[in-house]
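A.B. asks: Since each chain sits alone in its own frame, please combine them into the complex, following the hints.
Those sequence lines, one after another, are chains A and B.
Residue numbering for the first sequence follows the numbering used here, starting at 9 and increasing by one per position.
Residue numbering for the second sequence follows the numbering used here, starting at 40 and increasing by one per position.
Fair warning: there could be bad hints in the mix.
[Said to hold, decoys possible] Cβ pair distances, simulated, as ranges:
1. E192(A) - K74(B): 42 to 48 angstroms
2. K74(B) - A32(A): 53 to 59 angstroms
3. S300(A) - Q54(B): 29 to 35 angstroms
4. S300(A) - V72(B): 33 to 39 angstroms
[Claimed, not checked] Straight-line alpha carbon distances no greater than 25 angstroms define the calculated DSS-like cross-link-like pairs of lysine-lysine that follow:
5. K297(A) - K51(B)
6. K53(B) - K206(A)
7. K69(A) - K80(B)
No lab work stands behind these hints: they were computed from the structure.
Where is the CB? At the ideal position from N, CA and C, for every residue including glycine.
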Amino acid sequence: MFEWWHNIVSHFVFDILKLNPNSALGSALDFFLFDTVKIILLLTVIIFIITFIRSYFPTEKVRDYLEGKHPLVGHIAAAVFGIITPFCSCSAIPLFLGFIQARIPLGVTFSYLISAPMNNEIAIAMLFSLFGWKVTTLYIGFGLLVAIVAGIVIGKLNLEDEILIKPPAVKPAHIDEIKIPVKERLKEAWDYTIDLLKKVGVYVLAGVGVGAFIHGYVPSDLIVKYAGGNAWYAVPLATILGVPMYSNAAGVMPLIEVLTQKGMMLGTALSFMMAITALSLPEAMILKKILSTKLIAIFFGIVAVGIMCIGFIFNWVLG
Amino acid sequence: MKIEILGTGCAKCKQLEKNVLSAIAKTGKFAEVEKVEDIQKIMEYGVMSTPALVIDGKVVSVGKLLTPDEIAQLIS
Chain A
9 MFEWWHNIVS
19 HFVFDILKLN
29 PNSALGSALD
39 FFLFDTVKII
49 LLLTVIIFII
59 TFIRSYFPTE
69 KVRDYLEGKH
79 PLVGHIAAAV
89 FGIITPFCSC
99 SAIPLFLGFI
109 QARIPLGVTF
119 SYLISAPMNN
129 EIAIAMLFSL
139 FGWKVTTLYI
149 GFGLLVAIVA
159 GIVIGKLNLE
169 DEILIKPPAV
179 KPAHIDEIKI
189 PVKERLKEAW
199 DYTIDLLKKV
209 GVYVLAGVGV
219 GAFIHGYVPS
229 DLIVKYAGGN
239 AWYAVPLATI
249 LGVPMYSNAA
259 GVMPLIEVLT
269 QKGMMLGTAL
279 SFMMAITALS
289 LPEAMILKKI
299 LSTKLIAIFF
309 GIVAVGIMCI
319 GFIFNWVLG
Chain B
40 MKIEILGTGC
50 AKCKQLEKNV
60 LSAIAKTGKF
70 AEVEKVEDIQ
80 KIMEYGVMST
90 PALVIDGKVV
100 SVGKLLTPDE
110 IAQLIS
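Excised from the complex, chain B in its bound form (with noise of 0.2 angstroms):
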């Protein structure tokens, strides 16, 4: 599994990064996690706001900070 955080570099980013990699811990999937903040690739994506998250190649969420618990959610 791959989940790619798409920012900036905004605050909420970063944030996101963080909570990705502690709902990763918590339910003990194995996944490479990329943060991609070149804007050409993000606007690939066709995302406008972001933090945006994509998992094996699929945006799941729009501008949105994910709380640890709901990322576990989307990648379990």
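Next up, chain A with everything else stripped away, as it sits in the complex (with noise of 0.2 angstroms):
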């Protein structure tokens, strides 16, 4: 799809600059220039659609369909709508007790809690952008499946005492749909798509930019002896890593492709992707209002061990 533009940039760099293609300069270069053009025009194109999309699916209107479902279909049915609502961190907390007060029971609400933030329009973009749909489809799929196994457990642990604040016990009032013209919703999603782009940008950049330093200075050896091979602790040490890097996904994406391309497994890689979005600190700090820390502990604790057996059973398949 990017041949036209990989043929200019190589024209330029090797051509027009006389790089030697051979040479760490010329190809980090090369990397660099291409990566970066490809990867903000992916990047605007994706979110703008999927912004577009979600304007249509409001958080309340999921918890009206959610409301008196088989536990089963919740389970599945909160995964999937994690894909296609908007999710802020901020909002973490009424929409939690949002779903309890509609009687959705605890381990659904933790389906949605878990894939929401893990299918976040950016994770998405810079996935599709630098790995294609394949690797996107893998990780939207699985981390559905973690996002329900995780949601089933919990819900069967009965820790409805953990939760510390109790919603209102009137029924949640009916918000009428707020009609709002097709034309204004392009406009606000292309406006959210323009404000997310500044946001991010400096991070994909400098996250470009430190892979294509990769690609082009250090040898592939050093990164399969460190990241890469069949070392056992690779996935859980991906997925401690990961945790703490949840605003930056955009900046981190880039290293793992580069990683990747140099010898780490693709398990190690799709854990340390699931552990930046799903397993997220803020997000931690902003429900422990709410909830106990025993809770946030379990739901961290099997969402985590969830991600390391994708991690181990990709690399094993494939290894």
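C.D. replies: Below you can see the structure in the form of structure tokens.
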């Protein structure tokens, strides 16, 4: 899809600047120019499309749908809704209480709460730009699986008493659908996309920059030795390293791309990406206001185990 | 007219309050403005994405940072 652009970049770097394609500098510069433009173009298009679709699925609608559903249907639907609804960790509290208030089971609520940040628009757009649709599909598919299974497990543990603040006993008021014309939705989606790009643009550039450096200068053997191979600790290490990186998903993904090209195994990479988005410290801090530390620890523990299982299975099957 | 801003204290919620005030100043409307931070009260409106805007008890916007112009349109 981007061959034309690669030809332009290669022409510029190797013919006009006369750099040697086999030199570290030439290869790094070629990689950087090609990747930044490709990623920013794709990010813009994908975030815009996702944001526009999401404007039709406010969380209030999801709650109304999930109310009174069979638990298993609930878990699956909640996880799938996590992909197509907008989610911001700043709304995690009203969202959580709103679900509980509508008598949606705790486990189903967690299925949603795991899936929504994991399938955030930046992560999906970056994955697609860097790895293509196959890895993106794997990521979303297995992400849903983790959200569903972890939700079911949490639901079975009878942890309802660990919710520290009870929502008001009254049934939630029904909000009349707020009508917004398509033109306005498009404009809002566009504004949001530009805002977001301004916010993550620096991280993307930095990420691709460091990635380009590794691409050109760091020998593959070194990466295979530490991040790749079949070392048993690769997956748990990747999962733990992913936890503090939530706000920088856009900057870390380009690094993962380069690491996989240089020999990091796909399972390890998947675990790393999922840990970055699903195990977010800021979200845990916010949820601490309404949930006991025990419940949050269980939530993180189960999700972490799920993520690691996926990493191990992938490495085992492909390795 | 009573305008309520529902929000637990995130940056967007504070900005929405400011925008409401400037919208009122712009339109010259007479309105009572209240910032609702109590999560229980927010839940009673059935709102799950903050910030939300309530005019005379009716939820008119959820999960969005409206501009002063958009608010001016809603209150006039």
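A.B. asks: Does each hint fit the structure? Answer for all of them.
C.D. replies: Hint check:
Checking the proposed 42 to 48 angstroms range against E192(A) and K74(B) shows it is violated: the Cβ atoms sit about 26 angstroms from each other. Between K74(B) and A32(A) the CB atoms are about 56 angstroms apart, so this pair conforms to the stated range of 53 to 59 angstroms. In this structure, S300(A) and Q54(B) meet the distance hint of 29 to 35 angstroms, their C-beta atoms being roughly 32 angstroms apart. In this structure, S300(A) and V72(B) meet the distance hint of 33 to 39 angstroms, their C-beta atoms being roughly 36 angstroms apart.
Taking the CA atoms of K297(A) and K51(B), the gap is near 19 angstroms; set against the 25 angstroms cutoff, the hint holds. In summary, the hint linking K53(B) to K206(A) is supported, as the alpha carbons are separated by about 21 angstroms, within the 25 angstroms threshold. Proposed proximity of K69(A) and K80(B) is supported: the alpha carbons are some 20 angstroms apart, at most 25 angstroms.
Of the numbered hints given earlier, the model fails hint 1 alone.
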